[in-house]
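Note that the protein sequences, when read in sequence, are chains A and B. Every letter in the first sequence is one number past the one before it in this note's numbering, and letter 276, counting from 1, is 276. Every letter in the second sequence is one number past the one before it in this note's numbering, and letter 222, counting from 1, is 222.
No wet-lab data here; the hints were simulated from the structure. Check each hint, because a few of them may be wrong.
Copies of the same chain are indistinguishable here, so a pair counts whether it falls within one copy or spans any two.
In the DSS-like style, the derived pairs of lysine-lysine whose C-alpha atoms are separated by at most 27 Å in a straight line are [claimed, not checked]:
1. K96 <-> K161
2. K143 <-> K298
3. K36 <-> K148
4. K143 <-> K162
5. K307 <-> K143
6. K161 <-> K263
7. K148 <-> K96
8. K161 <-> K116
2 protein chains.
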Amino acid sequence: MDFKITNMPGKHPNILLGHGSGGQLTHELIDELFLKYFDNDVLNMGTDSALLDIPGSSLAFTTDAFVVDPLFFPGGDIGKLSVCGTVNDIAVSGAKPLYLSASFIIEEGLDYTILKNVVKSMAAEAKNAGVRIVTGDTKVVEKGKCDKLFITTSGIGILNKKHRHISSGNTIVPGDKIIINGSIGDHGMSVMSARNELELRADICSDSASLNDLIRHCMDASGHIRFMRDATRGGLATVVSELAKSHYLGVQLEETMIPVTDKVRGLCELLGFDPLYVANEGKVIMVVPENEAMMLLKTMQDHPLGKTSAIIGEIVTEHPGNAWLLTRIGGRRVIDLMAGEQLPRIC
Amino acid sequence: MDFKITNMPGKHPNILLGHGSGGQLTHELIDELFLKYFDNDVLNMGTDSALLDIPGSSLAFTTDAFVVDPLFFPGGDIGKLSVCGTVNDIAVSGAKPLYLSASFIIEEGLDYTILKNVVKSMAAEAKNAGVRIVTGDTKVVEKGKCDKLFITTSGIGILNKKHRHISSGNTIVPGDKIIINGSIGDHGMSVMSARNELELRADICSDSASLNDLIRHCMDASGHIRFMRDATRGGLATVVSELAKSHYLGVQLEETMIPVTDKVRGLCELLGFDPLYVANEGKVIMVVPENEAMMLLKTMQDHPLGKTSAIIGEIVTEHPGNAWLLTRIGGRRVIDLMAGEQLPRIC
Chain A
1 MDFKITNMPG
11 KHPNILLGHG
21 SGGQLTHELI
31 DELFLKYFDN
41 DVLNMGTDSA
51 LLDIPGSSLA
61 FTTDAFVVDP
71 LFFPGGDIGK
81 LSVCGTVNDI
91 AVSGAKPLYL
101 SASFIIEEGL
111 DYTILKNVVK
121 SMAAEAKNAG
131 VRIVTGDTKV
141 VEKGKCDKLF
151 ITTSGIGILN
161 KKHRHISSGN
171 TIVPGDKIII
181 NGSIGDHGMS
191 VMSARNELEL
201 RADICSDSAS
211 LNDLIRHCMD
221 ASGHIRFMRD
231 ATRGGLATVV
241 SELAKSHYLG
251 VQLEETMIPV
261 TDKVRGLCEL
271 LGFDPLYVAN
281 EGKVIMVVPE
291 NEAMMLLKTM
301 QDHPLGKTSA
311 IIGEIVTEHP
321 GNAWLLTRIG
331 GRRVIDLMAG
341 EQLPRIC
Chain B
1 MDFKITNMPG
11 KHPNILLGHG
21 SGGQLTHELI
31 DELFLKYFDN
41 DVLNMGTDSA
51 LLDIPGSSLA
61 FTTDAFVVDP
71 LFFPGGDIGK
81 LSVCGTVNDI
91 AVSGAKPLYL
101 SASFIIEEGL
111 DYTILKNVVK
121 SMAAEAKNAG
131 VRIVTGDTKV
141 VEKGKCDKLF
151 ITTSGIGILN
161 KKHRHISSGN
171 TIVPGDKIII
181 NGSIGDHGMS
191 VMSARNELEL
201 RADICSDSAS
211 LNDLIRHCMD
221 ASGHIRFMRD
231 ATRGGLATVV
241 SELAKSHYLG
251 VQLEETMIPV
261 TDKVRGLCEL
271 LGFDPLYVAN
281 EGKVIMVVPE
291 NEAMMLLKTM
301 QDHPLGKTSA
311 IIGEIVTEHP
321 GNAWLLTRIG
331 GRRVIDLMAG
341 EQLPRIC
């Protein structure tokens with residue numbers, strides 16, 4: 001979910017693309033509007049999935065809208081994304097994803113084959129992730145009133161109460177290590193290279209993947225994972241910046257340790273993007289106890305979705321409330337939320 | 001939910017507005033695409049909400065996209081609708097609605113005040129219905145790529161296992177009576193009269209309302225309600241037609257018994273609409289045992305949302321698989337699913 005808690009100044013009379021960026025403007029919208037009016041203790045926790053206590057069980061419940069443009073890109077499509085994204089939101093809560101809903105807003109005139117391919121892709125990814133799409137809705141709007149196809153998925157997972165701390169992150173302590181399950185920026189650069197206006201064929205594949213199996217392996221290996229979050233819109237930078245701010249912790253990343261493929265780095269340089277802020281759709285950031293970091297790194301690397309996993313930083317006592325990057329050339333710079341929108345409609 | 005089961009012929013290479021009508025084309029899309037590829041026993045049940053068994057509890061889970069145009073109309077707005085619609089889908093399953101998610105797709109440039117008023121309306125209706133909006137998402141698309149604002153809500157309710165038969169309707173028998181909690185067509189005609197292109201000020205108010213309290217009163221009064229469904233897109237006609245087809249039952253409605261206000265009847269005649277097919281957003285159709293029908297009618301009439309409730313028909317042994325209307329002038333005609341789209345973007 002993307003109703004998260006921060007305190008940002010400012011207000012705009014009209015909605016900007018940046019309000020959908022996952023950055024500062026999105027936070028403003030959430031604070032000034034959604035949290036203010038929907039105000040309740042579950043929402044206010046600001047967890048990735050809502051954690052619900054239903055008599056006899058504890059559930060994770062989440063939703064995401066997908067408006068990616070184009071619908072198909074190397075390594076995925078809007079359908080796959082709509083399943084992975086929601087599966088991952090549940091899995092990073094420490095819950096086991098079980099059921100999804102799927103709601104379609106379709107533009108009149110859309111080629112039926114396109115819709116069919118998207119639906120097939122959703123079905124394949126749901127099977128792959130071991131979840132079932134159990135309810136849905138379809139609306140069609142007049143030609144020109146939406147852009148081909150938007151999908152909103154919601155998901156329910158079952159949560160063992162002993163894992164409730166994972167989405168809150170309230171057991172994190174200085175010295176904890178930060179692990180990622182592979183290279184960053186692949187999804188965003190794949191979508192960018194697939195956009196018609198770009199005459200680039202960069203051959204970059206989206207990393208979109210359901211991470212629940214990888215996460216389950218890690219949770220089986222350790223009962224002490226402190227925190228998880230998938231680094232989607234806004235990238236790795238947004239996850240660590242939010243983590244530092246919301247928990248008043250110091251976060252320190254080492255640039256040389258963060259996996260980025262040469263292709264992604266090259267395209268980012270060409271287009272003027274910082275890979276730290278580029279969207280991923282198959283990357284989880286874990287905060288783990290120092291004494292289990294190597295074991296968990298190995299566990300991740302043994303999984304097909306974690307071969308290039310790396311320890312990329314740690315929680316520090318310095319600069320609480322801020323995330324810093326130790327740069328390749330020995331300097332350091334603050335990692336803040338994006339102010340505007342870098343890549344609209346990346347997911 | 002609107003993935004329901006029927007068997008309809010035909011196929012179109014492009015998506016038509018009728019694919020979003022709730023009528024025959026929607027059923028085709030669902031059968032040929034969603035049920036085919038998402039195939040699983042929960043989905044295949046075709047209930048309004050998915051009925052889920054999570055260790056220790058039974059849940060109802062549903063989703064709906066709202067694309068109503070205009071965003072504000074007499075008696076409601078897209079925000080109120082997005083809460084009522086999902087609350088009602090859960091309530092007609094016999095479940096108690098507890099939690100909602102809300103996902104926003106916003107057009108760049110939307111006036112912030114509009115969004116704020118919609119959010120306030122959602123918050124007010126959630127409070128009124130006794131549910132909490134616990135998770136959400138926000139996406140912004142470029143100007144011209146969606147029409148102001150689309151909202152998808154999903155909902156979770158807790159279901160007592162003894163009420164599971166209500167959404168399946170598998171205890172219905174001939175002789176059962178059909179009750180509705182008031183007049184039909186008000187929502188659709190309110191939205192029509194609010195559309196800019198119509199220079200009508202018909203002073204018709206949408207019936208949009210959360211029905212969970214009314215339904216709870218009825219369920220408290222009787223343990224034998226056989227079936228419930230809210231009559232939204234496609235109207236009363238679609239509910240009874242689907243009921244007849246999916247259960248191979250005969251349904252007989254009496255036109256003179258069906259409440260329609262003079263204003264709605266007048267506007268329908270003017271515009272050439274059949275009120276039976278016009279959308280409602282605060283109407284539930286109940287199938288109840290004959291010997292409890294009068295008591296349940298009285299229970300409904302005592303509730304603020306059921307003052308003009310009426311017994312409008314019954315389940316018959318004749319014409320299984322079909323719904324018939326005994327007309328005002330003494331004839332009878334079949335009530336079928338809509339073939340195309342009568343009122344696009346009515347919800």
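Going down the list of hints, with the structure as the test:
no., hint, verdict
1, K96 <-> K161, "both (12 Å within a copy, 23 Å between copies)"
2, K143 <-> K298, "neither (51 Å within a copy, 47 Å between copies)"
3, K36 <-> K148, "between (33 Å within a copy, 22 Å between copies)"
4, K143 <-> K162, "neither (49 Å within a copy, 45 Å between copies)"
5, K307 <-> K143, "neither (44 Å within a copy, 41 Å between copies)"
6, K161 <-> K263, "neither (42 Å within a copy, 55 Å between copies)"
7, K148 <-> K96, "neither (32 Å within a copy, 35 Å between copies)"
8, K161 <-> K116, "neither (39 Å within a copy, 35 Å between copies)"
Against the hints set out earlier in the document, violations occur for numbers 2, 4, 5, 6, 7 and 8.
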